[in-house]
Every structure is written in structure tokens, then in C-alpha cells.
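There are 6 protein chains.
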Amino acid sequence: MHAIKDIIEMAIREDIGPGDITTDNLIPDENQGKGIILAKESLILAGLRVAQQVFSYLDPEIRFDSPYRDGDEISAGTTIMEVSGSLKTLLKGERTALNFLQRLSGIATHVRSYITLIKDLPVRLVDTRKTTPGLRTLEKYAVRMGGASNHRMGLYDGVLIKDNHIAACGGIGIAVHTLRGMISHLVKIEVEVSDMVQVQEALAAKADVIMLDNMTVPQIREAVSRINGKAIVEVSGMVTKKDLRELAGTGVDIISAGALTHSAPSVDISMRIL
Amino acid sequence: MHAIKDIIEMAIREDIGPGDITTDNLIPDENQGKGIILAKESLILAGLRVAQQVFSYLDPEIRFDSPYRDGDEISAGTTIMEVSGSLKTLLKGERTALNFLQRLSGIATHVRSYITLIKDLPVRLVDTRKTTPGLRTLEKYAVRMGGASNHRMGLYDGVLIKDNHIAACGGIGIAVHTLRGMISHLVKIEVEVSDMVQVQEALAAKADVIMLDNMTVPQIREAVSRINGKAIVEVSGMVTKKDLRELAGTGVDIISAGALTHSAPSVDISMRIL
Amino acid sequence: MHAIKDIIEMAIREDIGPGDITTDNLIPDENQGKGIILAKESLILAGLRVAQQVFSYLDPEIRFDSPYRDGDEISAGTTIMEVSGSLKTLLKGERTALNFLQRLSGIATHVRSYITLIKDLPVRLVDTRKTTPGLRTLEKYAVRMGGASNHRMGLYDGVLIKDNHIAACGGIGIAVHTLRGMISHLVKIEVEVSDMVQVQEALAAKADVIMLDNMTVPQIREAVSRINGKAIVEVSGMVTKKDLRELAGTGVDIISAGALTHSAPSVDISMRIL
Amino acid sequence: MHAIKDIIEMAIREDIGPGDITTDNLIPDENQGKGIILAKESLILAGLRVAQQVFSYLDPEIRFDSPYRDGDEISAGTTIMEVSGSLKTLLKGERTALNFLQRLSGIATHVRSYITLIKDLPVRLVDTRKTTPGLRTLEKYAVRMGGASNHRMGLYDGVLIKDNHIAACGGIGIAVHTLRGMISHLVKIEVEVSDMVQVQEALAAKADVIMLDNMTVPQIREAVSRINGKAIVEVSGMVTKKDLRELAGTGVDIISAGALTHSAPSVDISMRIL
Amino acid sequence: MHAIKDIIEMAIREDIGPGDITTDNLIPDENQGKGIILAKESLILAGLRVAQQVFSYLDPEIRFDSPYRDGDEISAGTTIMEVSGSLKTLLKGERTALNFLQRLSGIATHVRSYITLIKDLPVRLVDTRKTTPGLRTLEKYAVRMGGASNHRMGLYDGVLIKDNHIAACGGIGIAVHTLRGMISHLVKIEVEVSDMVQVQEALAAKADVIMLDNMTVPQIREAVSRINGKAIVEVSGMVTKKDLRELAGTGVDIISAGALTHSAPSVDISMRIL
Amino acid sequence: MHAIKDIIEMAIREDIGPGDITTDNLIPDENQGKGIILAKESLILAGLRVAQQVFSYLDPEIRFDSPYRDGDEISAGTTIMEVSGSLKTLLKGERTALNFLQRLSGIATHVRSYITLIKDLPVRLVDTRKTTPGLRTLEKYAVRMGGASNHRMGLYDGVLIKDNHIAACGGIGIAVHTLRGMISHLVKIEVEVSDMVQVQEALAAKADVIMLDNMTVPQIREAVSRINGKAIVEVSGMVTKKDLRELAGTGVDIISAGALTHSAPSVDISMRIL
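If you're matching them up, the sequences are chains A, B, C, D, E and F in order.
Position 194 of the first sequence, counted from 1, bears residue number 194 in our numbering, the numbering being contiguous throughout.
Position 251 of the second sequence, counted from 1, bears residue number 251 in our numbering, the numbering being contiguous throughout.
Position 263 of the third sequence, counted from 1, bears residue number 263 in our numbering, the numbering being contiguous throughout.
Position 228 of the fourth sequence, counted from 1, bears residue number 228 in our numbering, the numbering being contiguous throughout.
Position 229 of the fifth sequence, counted from 1, bears residue number 229 in our numbering, the numbering being contiguous throughout.
Position 116 of the sixth sequence, counted from 1, bears residue number 116 in our numbering, the numbering being contiguous throughout.
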């Protein structure tokens, strides 16, 4: 929530700077207006509240009216929201509000297209930390609105032991054991493994989650079979939409894909002022 | 420059929060390491210095070695940069540094693919304000590294009179005249027009730049012919790669395209620690 | 606008610090009061809204009543504004609100005395970047309220090529050409010149604005004649009130004077609490 | 000290914003330069360290060389300081550094001209809280460099009971007594009085300091004689240079004058880059 | 006041971070609730307004109802305050609000237990700068609510000359004299002394306050007798509750005790949501 | 880490404010000194690095020398660290550095006294969120230095379902199920229960951790036996040192105690400057 307020403030400052020299000089303070925010293509909505906060930050008197909620499917041509109040504020906040809305709805829409492919399967699709700097909290929210789930928020709310950690410690067993003593009992430990020997070590160390990194589908099947419910199994690596259903059928619990956030195109949303 | 420092700090805070609970508990302070930043696909580089600033923010002792500069074309498999110093810092800064580098190089690469199509023509391709909130300065820099140019940075360093401004003032002539008296003589005035009547009014008002909004190619040709060098001519609207060369051949001076920034996919760059 | 909020907050913090030990200990929370803000000398008003924001920052319930607007001429003894609400807030905000109002009205008043001398001539008087650190946006606003215009706001919204830039590049022509390719098409390029050879080079390079630096009146006349409308002409240097009319008669378009801001005395404004 | 860092950062941000578009595009990173900071008129120096901090904030490698210290008298034409390092930094920091130096030296010079008039008399000249918003700490420092002393820094480090406080409490006696119990024993209590009855009440209340507000010279003499060393005596009100010596001869301990800060003209200091 | 807003914001950020993952996911936005803040032991109340500000920071609509004021004695089992509004906000703000209230009331309660021992004696008990980092203003407020007084707030609002200062200057006389010329006439000068020779020097230098550091009771009595009202006398050092009354009987004016703040245990206060 | 930098900055600002008027006016810039930080009682060290950061924040040239590390047991009279450099910096940073060190070592020492009582038992003692506002990260670090472990850092890195959450959802089962779908798979779910029916429901819902709230020792034993390793068992409530060993003997996995942080007295540490 603070993260959101901070990025909104930063976005407004970078756009308006010392002043909107066009609007400040041409539009009288007292002029009122109404803006129609329009979906120019079909999309999954995410960021409605953030877009509102942009306008409210500039002027707490701005009013909003929308029949939709984040996560809703919106068809092309639909009015997403009406925004009413000072015309000056509408003009000054428009671009920043849309920049948030287009990007977050872009992610939700992109994510939904993945989810559709696997919604009948008992597997969970999650994002990664490959998010846009400064927008982590918002982009992970958009992922949820798209129907997928979140991996850890950052380096502070989940343990992921990678090869460099293992090398520095002297083994998976010692790494897991050391961490158990140091972290909160509410945080799980995940270990990234690249072969069956490491799978065995992670199991022996009682890792809560085992991440299979860049393995082939047959290797994944073997790993799932060996782990056999004793740990949550995640696959990671260059997950594409094409491979998604096959991966989902291997019996893994979780598939993580950076592409959910890092390469989602913006959707086209515009604002028309009446 | 402050914008850059601020977004780097925000990005690190959102990723590390109260601490990297894996690395802080497993890697001894004194361990040193070297990281190799690798291009996993061919790309135009942008953000090298920003990636360095991420590590330097965490630890001023980190050293960098790279034969490349932003704007360079890098082929798949190339080592972009070596990063040396405290292993802890390398692990903590890796994701944030890559998130910047992948996004900015993604934009530069995307822009370059547009530029290639029109580089023999006397026209300028420029970005818009459709940038990621908080990353305006950096994304506009990446656009330049890709070979295109920048439109105004924000609402403060250029005038763009749109239909709502015109309606509120009572006409293009009055809007331009009012602004001339209020703004710095170093800032130009651009007027967005949608038909020939408005083109004529903008010319009469001595607008410095005339933006043809969502006109057809024949309309654009006619407008260029009417304006005849008395103002800079910009076309805007849903510019796609497919239309780009045709638009560029109409004789306009400037083509602006939001797609340069808002829908550029990230390029794949990874870091391997030795 | 953010610049204004930031400086108001900084000003209040530096004055009140951990608390107003007199008022906090003597005035009951519930006491109400009304303050009369009085012009003790004749002045041009600037900063009314800022003064209000100081009180509103401390307490959003404070009410204001004033028949005046910034830019108005106020005679000595006039009540500029009434401020009503919590007596505590009136006492705590008084000095900071007045410090803004006295300084900004001081600038507007000072500027108006220059403008009066040349208002019949087709020349524009502008400020410089010689403003008080932290008050740039406000002081440039006060200049406009006084009737003059603004030069660029900072180093980011206008190009001014000086001798050091020219020396580093190898000439005026190359400097202007390089910049045309790098900056937004909405930003003009100004070149500072000190003799006729440089005037000629700047014209050849198609500079938008030529600044004649510390030239004599005959030299200025000659330069204006040579430039002959092909660029905007600005004169700069130690412009005094005494020389102003003579300079304005040379045919230049713009006269810039640091003295508008850097040496304007405050006007005397006080607040009396009823 | 934090106040100083904060205002320096704010000043640089307002001047450079997203970038110095002239210098960033024309001057190569590796170019070195040397700047000569010159007194264009005779002055009392104040702000040398602040000017250095502006450059150091931009680039910690900048080097400074000066034989002078704040408080020194500098004659016209003297080189105050040499600044060496990256040419880019010199050009970007120049204006902001000079804006601090011109204003602070302007205050010190102005203050010295007052001090000279009364330096043989046992009286102390002090400033007020009529300082430029955001520059309180620096301007009060400049006052000391000019040879005068400081009144309280803000509302937090000294008590000044005015008529409104007295009215709200029910009398001087009760106000002083209440405060004695609430504030630190290291902070003195000053009472503003406007006639002899109030002088008597303040004495009875054992005020540490009595401020005679807008009294005539004969009234001041009478008050000094009544107070007779039982409290420090301060005179305040529209103190002008013309009246200063007469006021100083009345036997008061302290004369406070807002004009020391609020109306000091900047002195002329420039930077020439070699 | 800003100090308070800043620490409240910091406290909320450290507790909620990117979100309260339990409450945000389980409690509907529209659910309302009422919380009862209960004293689980008898205590002196301090921090009621701060606790309110925590909730108000999260949601300005939260309402409060309490018959008590800071400084009141509250018996075990009493409802201190009712808090009503969004259930989500109540749950998210609860811990932070209580953390402030428990600590500040803990200090007030602890202080009151000291004050009770000496309330019939003409001596003042004061705190020190041994406060929790970031909570100085609040903890010193709690000390006043407990019935004791404050020493200086920080290094900026009172002078305390210690042995290192004396050694660096060359003597108490010179130190006091130098400072008199440099500081505001509203700030007193205190000198820390450790024997009778220094007491004599401090008297000769006309120190306003003399602090007897770690002296025995007979030494203190002798010092009080020597000083004989010519300066305020403070004793400092390891003041314990056991010694308090004896010290208070020596005739000193002020006793300072770090234990008032640095070792006050929290009192038990909880919130029950209906 | 940022949390630490922020609180250090806040602590220094609140102590020094606009300046240390004693030291700034008496100690020459060039004076060097050495400070000895002394344990005045036996203690467990915590905060050595933070104390160093306080001095380094003021002056990066300060040097430190210490044979100890946080977590070490230090006996009374021991020199903990030597601090060398500018005498001014030593005097200005002393109190703030000690305030951190005394409080954090106070917590570590207090925690160690609990740990000693149960170190032979297979149970984990953890802290709570009852920490000092602004010091959460540091106090939880001190708890680890004392030998205990941390519960979640805040509301963002662990789920704790309490009675209000259960009531709002309609049952433990539904609450756990809803959360599983919303949160990262690296975060565990804890449910607070107050009787055996709820224990059964939490088990049925597959809660990862079950917190027994304010149960008697026999009830705890029964719950442990029912849970029988199917979830981690935590006891909470008014845990005192007296009950600790008995609670630890019940077979629970985790005992949480707010008293570890909220009521730890500071230890006595001073600095002597040579």
C-alpha cells in the first residue's frame, strides 16, 4: 500500500514536474468535466483503484463511477469508468492514470491467456521476481487478477536456495539446516535443483519446496515420482505458452513463468473527455 | 539523474525489504565472487550504467568490466559485462540489475527494429508519454539508444494543445496566443488537429508544430502540402510497424509511436556467478 | 506543484521543529481566532495561495477570505486576507506564511516597477535562473504576477549553448547540429554570442534564439539588424532599471535580468490576530 | 546540517530536473576543467562550504582551493575559490552553487554594514525568523559571518510570549509561570511588551528577557531604567540603519532586525571556466 | 509534530510492508467493527492521540471515543478508548497503535512512580537524551505526562559544556565566554563539573546552570551551599529510585535521570474487537 | 537494511537538529580524538555495527577497532570498541550510538537470560511484533543475537489467522482454504486457537502451525498430543520467565514471548573520550 502511494507520487512528479504548462495556462480553475475511460480492445481489468488514486492524489474531490472490478473481463468498446470533476485535474492525471491501467490490465490479460490453457489441471501458475522496477506490488496484484498466483514478493518473505548458496555452504543439507535455525517458522524453504542427486539431497534435508530448474519433461516426471508428495514441486525455466499444458501434465504442483510480467504488452485503453 | 537514483532505491527496497533471508544467512561477508552478465538473445544494449548503479548502491566496492556501451548491438551468447566483488552483493543485486537491463535493452531493441525500416528517409521517429510509471527518464533514454528521438519529457517542457484545451479557450488562435505570453521563449507550441480547417487555424496562429491526429495517408499528404514548411509536422495515432514506411513517405517531419515504449518485450539477459 | 508542497513542508519543519513551545503550552486546543493579513506598504500581490497552503498544511480546517488575486495592486493599509480557525494554528503558521508572502510579493512588486518602464514597447522582460535555492517555481511564478515572463525553468526545458559548450564541441554549428538530433522537437535552441562573428555562426546554424551577452547598445543594434528576424534576439548581462528603456528600444525581442529575482527586497506584510 | 543537505538536494533537483540537456549532450564525460569563482564587487564571504557541497553532491571527485574562510572581507576582482574536475559537473553545478554563495554573502555583507555602525557599543544585533523559507539555518549562519548574532532558530528553542498568548492565558504572570513548569530549564522566557505596565508585569513574573515592541526612544530609555539589569532588554520593530546607532545608545542589550535577512540584496559573484 | 508523523509512518511501513496478507485476503472491505482498548494493569496514560493517529493514517474515517486524557491514572480493567470503523483497518493498525501506547504509557507510569516520592519537595525531576532512537519527541512527552520535566530536546536547544569541550577550549571560563557570543540569547549555558574547583570556575564564568556529575551527597550539599542561588544546580549520574529522596533533599534544583526513559517497562494494554 | 539506514538518519536528525550548538562552537574542525566504549555491566552484545553506522553517517572517516562481535558475552568493565577520528564527530554521535547499543544489547542480554533456562530442551523461543515502533528489524536482530528466534517480521511475511478473521470468514476451514489460494506457496499459515474444537478444525484445514492462545499447561499437553506432529505447535500468551521451563516441557515446538522485546531494560554502556 505504501509501495503503491510511492510509485503513484513518483509517476505524477515525473510527468507534471514543475507544472503542466499547457493546461495550467489555458483551463480555468473552475471548469468541470467528465472523462470516459474506454477499452479499445478486449481485456482483463486490473488497476482500476490505482487509476483512481492517481486522480485523487491530484485532487481529492474527483468522483468515479464504474460497474466493474479488477479481474473482470471487458469487451472492446466498453466504458470502464467515468471520472468527473475539475477539468484541469482530468487533463493532468489522464496519461499517468492510463499508463498504470494499460500496463496492469495488460499483465492481467496476458496471464489470463495462460490460465485458460490449464484451468482444468491441478497445477498452480505463479509469477517470478522479473517485474518492472518500482511496480512489484502492483504487477503481482495484476497477476492475481489474471488468475495466476504469486511466488514470493521479494528476497525477504521466502527462502530460495540456489547453486551459489549451496556452493558457499558446502551442501544442500547444511544450507537447509542453517536456515531453519535462522528464519521465522512461518517461512518455507525452497531449494533449486538441477539433477536427481540434488533432488535426493533436498528431500533428505526436508526442503519444503523443490524447484526443478531447466529440466526436460521426462526428467520432471521422474523427479515428481521420486519426490512423491514429500515436498511441493515447482518447475521453472523458459516456460512458454506452447509448453505450458505439457508441463502442467507432469504432475508438478507449481509452474513459474517470468514471462507473465516481463513481456506482457500493454492493452489499449483511452480516455475521452466530454 | 535524481529520477534514476530514486527508482533504483525504490526497486532495491521492494526486492530486499528488511533483508535477503537466504543470502544473509548463508553467505559469509568475506566471500568474493564474479558474475558474468550474458545476452541470451541478440539485442541493442541499454541500461549498462543503471545496472552498475544497482550494485554500487548496495556496495560501492563492486567493480565492473565491459567492452560495450549503451546503443551497441550485442549478439546472442555474448558476455555483456563482468561484475566482481562481495558475493553477497552480487546475489542481492542480481535480479534488480537484470530487471532494469532487460527492460531497457528490450525497448532499445524494439525501437531499433522500427528505425531500421526508415533510416534512409528524412523523418524522425519519436516516443510518447506512454511510459512505465517511474521509469520515464530511463525509458526515454533507451529510446535514444535504440536510435529514435524523444518527444517532450512531460507536461512541463513542451506545449501540446489538444481539443479540450481548444474548447475551453474558444479556439486555436486564442489558445496559442495566450500561451505565447505565459511560457518561456525556449519552449515550442504544438497543436493537435484533426482536419484541414484546424490545420489552417494552427498555421494562422503560428503554431511551431502541428500534430495530425489519426488522419489517413491521403489527408496527411494534403496537410503536409498545405503546411508547406511553415510548421513542423507530426503524425500520431496507432502507428504500427507495418504502416511505418508509408507514413514516413508522406513528407511529415515526425512520427510519434507509443508502442516504442509501452509494448516492448523484455530481452533475455541472465547473470551467471562463477 | 510538488516543488511547492516540498518547500512548504521544509519551511514549516525548520520553523516549528519538535514543537512551538510557547503556543503549545499556553493556548488551549479549542481556542478559535481570526487573523488579518495587512499590507504595510503598497505592493503587487503574489503568494496568496501559498500562504493559505501553509496554514492548511498545519490544519485543513482553516478558512480564508480575500477579495484579491495574485497580480493585484494593493495599497498600503489594505487587508489582504482574513484567516480564521484554531488560534494555535494561526500562531504557528503566521511567520512561515508571511515569509512566503513577503518574499513573493516583494518580487512581483519589484518586477512591476521594471515593467512599467517598458510596457509600451514590443519587448519581453524575462527572469533568469538566479533564484533562491528551493524557491525556483514560486519565484518564477511571482515574476509572472509582476508582469514579466519566464526564461527556462531549469537546465532541462531549454537549451542554452554557452562558450564552454562551444569550445568543447568545436564550434557553434556543430553544437547546434548535435543538439537538434538529441532533444525533443518542442525545445528551442539558444546560443550565447559575444561578437558579430558568432552572431553570423549562430544564424548559419539556425539557432532559434541568439543571446547577446554583455554587448554595448550600438553592438546590439547592429546584431539586431543582422539577425533581421531570422532568430529571436535576447540581451543579457548586467541589466539595470536605468538602462532598461534604452535596451528595450534597440529592437531586441527579449531582455533577461537576474535582478528581477535575486535582489528584490521583501515587502512589509504583517498579520494581526483579533 | 541535515537542513543544509536537504536544501542543496532540492536546489539541484529544481535546476537539473531530468537532466541538463545542453551539457549532457555536448560535453564528453572525460573532459576536465577548472572554474574560477570571482567576486565582482567587494563583499563579506559566506557560503563557501555550501557552494562546495553543491559540486560534491553532483560528483565527490571535485576539488576546491581557496585561501579564504567565511567571514572574510573580499575585495572586488578577487578570486574566491578555484574548482577543478569534470567539466560537466562544473557546468551543471555552477548556477546552484553561485545562487547559494551570492545570497549568503549578500546577507553577510549587508549585516556587516550594520555592525560597523555600532561595533564600539555594548549592544548585540540579532536577526529574526524573517528568513527565506528553507534557508533558515544557512541564513542565520550568514548573519553570524556578518558579525551579528542569532535570535532563536525557530519556535522550538526559545520562548517568546506575545500579546495573543497573554490574552489567551489571562496575563503575563500566569503565562510565564505556566511555561516555567513545561519547558526545559535550558530555555529562557522572553515576553513582548508594549508599555510600562507590561514591563512591570514581566519583571514581576521574572521573565528572562523583555522585548520592547515598537516603542519610542524615550520610552525605551525609561524601560531600560526600570528594568535595571533584572532582565535582558531587547528592542524590536522597524529597525533601520538610520536609527540603529541611536537605538544602540539607549542602553538596551539586544536589537533585533528582520531587515538583516529579508531584504539583503545578493552580491555579484560569477564563475569563469578556464 | 513532524517527528511524530514520520515515526508513525515508519512504524506502519515496517509492520504492514507490501500488505497484511491475512487480513487483506480474508476480511471484506465493507466489514465494520469496534475495538475496545483495555488497560490490563493500572497505569498512567500517554499516547492516546498517537494511537489514534496510527489508525487515522491508515483510514481517516476511523472514529474514537474516550473519556480519558494523557496523564490520567487508569486502573486495571478499564476501557481506555473505543475505536470504530473498517474492520480491516482495526486489524491492520492494532499492533502498531498498541506498541506506541504500551511504551509511552509505560514511561509515564514509570515516571509517576518516581514523582510520587518527591512531590512535596521543591525539586524538579528531568529526563535526559537517553531515549529510544526515533522516539525522542514522544518519549519526552510521556515524561511530562508522568509528571516530570524535560531537559533539552537535543544538541540544538541548550548548551551543555562537558569535560571534552573544556579541554579543547582551555577552560570553563573561555568556553562559556565563547558560547555567549555565538548562541541565541534565549538559550542557557550549563556546565558539567566534577569538583569544587570547577564549581568555582563555572560560577566565575556566570554559567546559567551547573551540573554536578557523579558527586556524593555531602559534596552536593557543599556545592549547593557554594553556588547559593547564583546558578541553577542540577545533579546527574546514576540516579536510582532508592536515592531519589535523599538527593532531592540536598537543595539542588534539578535531578536528571536517564532511567526515566531508557529502562521503563511497557505496560500491558490490549485491544479486543467486538 | 534500508530500515536501519532510515532509523539511524531519523535518530541523528532528532538529536542534532539544526546543529550541536555546544560542540560546533567550541571544538575546532581539526581536533582528533579517540573514544572508548565501555560495558558498565555484564551483557550480551548487539548493535556494534549500528553504533558504527551512526558515526560513519556523520563522517565516513571515523575508524573502529573491536575484538568483539554481536552475540558475544561481555563482562563488566570491558572495552567493547575504540572509535577514532574527528573529535567533533565523536561528541556529536556519542549519545545516538549509545542509545542504539544500550537498547539492542539490553534486548540481547534479556533474551539470553531466558534462553539459558531452556537450552537443553527441544523448543524454540521466539519474539512477537511487540517491538518499538521504527526499530522492528533491529530489535528482531538483537533477539537472534540473544539466542532466540524470530516470529514473522510483520503482517506481510506470514499468515496468522485470529478469531476476528475466523468470524468474518465463517470458520477456520474456509479461512485456511481461501488463503492457500491467495498467498505465495513459500508462506506458511498459522491459526490461533483457544480450545480443542478449534484445534481439531485447524488440523482438518491442514494449518501449517497451530498457536495455542492462553491455554493452561494441561490443555497444552492435550493439544500437543492431539496434534501429534501434524502441525507445528506454538504457545503464546503472558509467558513469564518463571513459567518458561514448564511450558517448554509440554512438548510444544515454539514459545512466543512479547516480553523479549517490549520490556527489556537497557544495559549500561558509556563512552569515554581520551
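Just so you know, not all the hints are guaranteed correct.
The list treats identical chains as interchangeable, and a pair is accepted whether it falls inside one copy or across any two copies.
Distance condition first, Cα-Cα at most 20 Å in a straight line; then the derived EDC-like pairs of lysine to aspartate or glutamate [to be verified]:
| hint | residue 1 | residue 2 |
| --- | --- | --- |
| 1 | Lys5 | Asp59 |
| 2 | Lys40 | Glu73 |
| 3 | Lys206 | Asp253 |
| 4 | Lys5 | Glu61 |
| 5 | Lys34 | Asp120 |
| 6 | Lys230 | Asp208 |
These are calculated hints, taken from the structure and not from any lab test.
Since the structure is predicted, the reported quantities are computational estimates derived from the model, not experimental observations.
Comparing the hints with the structure gives:
no., hint, verdict
1, Lys5 <-> Asp59, "both (14 Å within a copy, 14 Å between copies)"
2, Lys40 <-> Glu73, "within (13 Å within a copy, 35 Å between copies)"
3, Lys206 <-> Asp253, "both (17 Å within a copy, 17 Å between copies)"
4, Lys5 <-> Glu61, "both (18 Å within a copy, 18 Å between copies)"
5, Lys34 <-> Asp120, "neither (43 Å within a copy, 42 Å between copies)"
6, Lys230 <-> Asp208, "both (8 Å within a copy, 14 Å between copies)"
The structure shown violates just one earlier hint, number 5.
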